[in-house]
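K.L.:
Going down the list, the protein sequences come from chains A and U. What the first sequence shows, in my numbering, is residues 1 to 375, in sequence order. What the second sequence shows, in my numbering, is residues 1 to 296, in sequence order.
Treat the hints as calculated values from the structure; they're not laboratory data. As the structure is a computational prediction, the values presented were derived from the model and not from experiment. Fair warning: there could be bad hints in the mix.
Claimed, not checked - Taking beta-carbon pairs under 8 angstroms as the criterion, some of the chain A residues facing chain U (in silico): (1) P106; (2) G108; (3) M111; (4) P239; (5) A252; (6) T259; (7) D262; (8) G278.
The C-beta atom is built at its ideal place from N, Cα and C for all residues, glycine as well.
Okay, here's what each chain looks like letter by letter:
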Amino acid sequence: MKLFEYQAKEVFAGAGIPVPKSVLITKADETAVAVSAVGLPCVMKCQVLSGGRGKAGLVKLAHTQAEAEALAEEYFTEVPSLHAVLVEEAVAIERELYLALTMDAPSGRAMLMGCVEGGVEIEHVAAHTPEKIVREYIDLDRGLQPFQINDFAFRLGLKDNALKQVGKICGALYKAFRSMDAELIEINPLFLTKDGSVVAGDGKLSIDDNSMFRHAAYEKGRPYYASDMEYEAAKEGIPYIEFDGDISLMCAGAGLANTVYDLVNYEGGTIANYLEFGGPNYMKAGTAMRLCLANHPKVILIVTFGTIARADVMAEGITKAVQELKPDCPIVACLRGTGEERVDEIFAPIGLKRLSDTEEAVRKAVAIASGRERA
Amino acid sequence: MSILIDQNTRVLVQGITGKEGSFWTQHMVDMGTNVVAGVTPGKEGQLCCGAPVYHSVRNAVKEHRADAAMVFVPPKFVMDAVMESLDSGIRLIVTLADGIPLHEQAKIRSAALANSTVVIGGNTSGLIAPGKAMMGSIPYWIERVYKPGRIGIMTRSGSLTNEVTAMVVAAGFGVSTLIGVGGDPVPGARFAEFLPAFEADRETDAVVIIGELGGTMEEEVAEAIASGRFTKPLVSFLSGRTAPPGTRMGHAGAIITGGKGSVEDKTKLLESVGARVARRPREVGTLLIEALGERK
């Protein structure tokens, strides 16, 4: 679960990492009070989960209260489903650093990363001069040791007060990483200010989905999703991604769903949505089909090759869903695996023919979507 | 021969009396797997699927030498179960559960490395040497997928394994050993670590890797080939070639982040060291024939 910046900063503050003064507003008319609390100039920051907020114009400096109010008005009216804006004091910056912790899969250790060229260009640095990013690997049982912090800060080229301050932040960030079950925790930029202190300018924190049972205080409501349907699907525990093409995918298993996604693209088709109803969801064909139909696809493409996720059980679910939902678009179904020999008989009442070859099914769906073939 | 397991491997099952545990243990036994004992705290003295049940791995190992542990416990308890088998000296552990907390995945991986132990999973259907033994929830009875033969298979995905392996069998081949390393971001064991065993196995002619976007496991395979640690033909199918960057495609580990982990980059690297990369599942069969010649 990706947290919003303001939530990441709450965690930072709790861990002892300095953050700028800020007030969170959920309506434009709260701006004046917020500005008087944080002072001018201030930064108006839309709380959205997508990256590149600065480049998208979703983070702007306001020099006067009128400017701040105008920005708040603009953001709340124009940014789709925006739920909050963080009004934050503008910090006098000398340098910007990058600090982050994530998990290193090959070693099974945490990986602390830092770069003295922080800010918006960190991805450019990572792609073109990766040697500028300093790394330190941390055994989770032993924890981050002082000698590691020292060595890391020296390798970053820090000196004097900055070395000491950044070292402290590393320790605090690691503690937050562990206690939050984070998959990623990032301060970018970490400001070194003109008066010699350090402040977290922006924050990212993503909690591992498998660990959410230990972080029940965070409820993943509608603002965390790109669309209403993605939110609906998530409540059902069904992986679902919305696109704007023609073909709704209803596949069992992530690997197979990704393969069908690729094959549709190879054949020149477009995807309306990615939906995966394998594993624990294989009995939810009705919900899956309802989610697909909400995108008004030209065709629904069902591909499965399941074992525990039995083909006959899924066929029964699909038959029932078709009878109840009466979809106005054709369905192409390629079901294999346990119980596949019973599928034709189960499909008979709805007149659906089972295909058994993935590529044939994909070509048929693409042909129907493009109008070359009738269902 | 197969790698890792065969009919002589002495398998201990943790969580044997659970619903999933007893269901799949029975299938393992039916297929010929040598299940010597089971563990469920509180149920010592019972029999399950013909195997005696013990309170702890320690007790089970004292009575029955075990070479391998099969873990059927819910995700929250996997780390404890793995550590318990490690502690009793078991050096091959298979864990299926989907949903192991990330920091526990990392601790399992780190403990596996520190103890020179193979921990396969989580988020997998396990390990099978068709016709010999199985540890996991693999439908060995589907003949057009799990036919015994001379191709080693490693996979990150359950559903896609059936799709791709069916193509291997349709092309006239069969499977020596199939290892599901699983779809978690930090799996206990990684593709490249099994290549030396497949290289040494006289009954494996080639290896098929079923990978996907994200992570660096396919890159490590390319490195193993480049360094000469693996010299047999290798064919790979990778899903997520057209996936949009930054979007998590089903599996937690299936994501392109910071421009890294794309199927295109993985393909380039694998092909640069002489591995064959299929664009479609069906091509896996064609490429195997190209590498090994026609099978009658």
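K.L.:
Work down the list of hints and note, for each, if the structure agrees.
P.N.:
Here is what the structure says about each hint:
Interface restraint check: P106 of chain A against chain U, minimum CB-CB distance 7 angstroms, threshold 8 angstroms, status holds. For G108 of chain A, the interface hint holds, the least distance from its beta-carbon to any beta-carbon of chain U being 3 angstroms, beneath 8 angstroms. For M111 of chain A, the suggested interface contact is broken, since its CB lies about 10 angstroms from the closest CB of chain U, more than 8 angstroms. Given hint, P239 of chain A at the interface with chain U, holds; its Cβ is 5 angstroms from that chain's nearest Cβ, closer than 8 angstroms.
Interface hint at A252 of chain A: satisfied, since its Cβ lies 6 angstroms from the closest Cβ of chain U, which is below the 8 angstroms cut-off. Nearest Cβ of chain U to the Cβ of T259 of chain A: about 4 angstroms, under the 8 angstroms cut. The hint holds. The restraint placing D262 of chain A at the interface with chain U holds, with a minimum CB-CB distance near 5 angstroms, inside the 8 angstroms limit. About 6 angstroms separates the beta-carbon of G278 of chain A from the nearest beta-carbon of chain U, less than 8 angstroms, and the hint is met.
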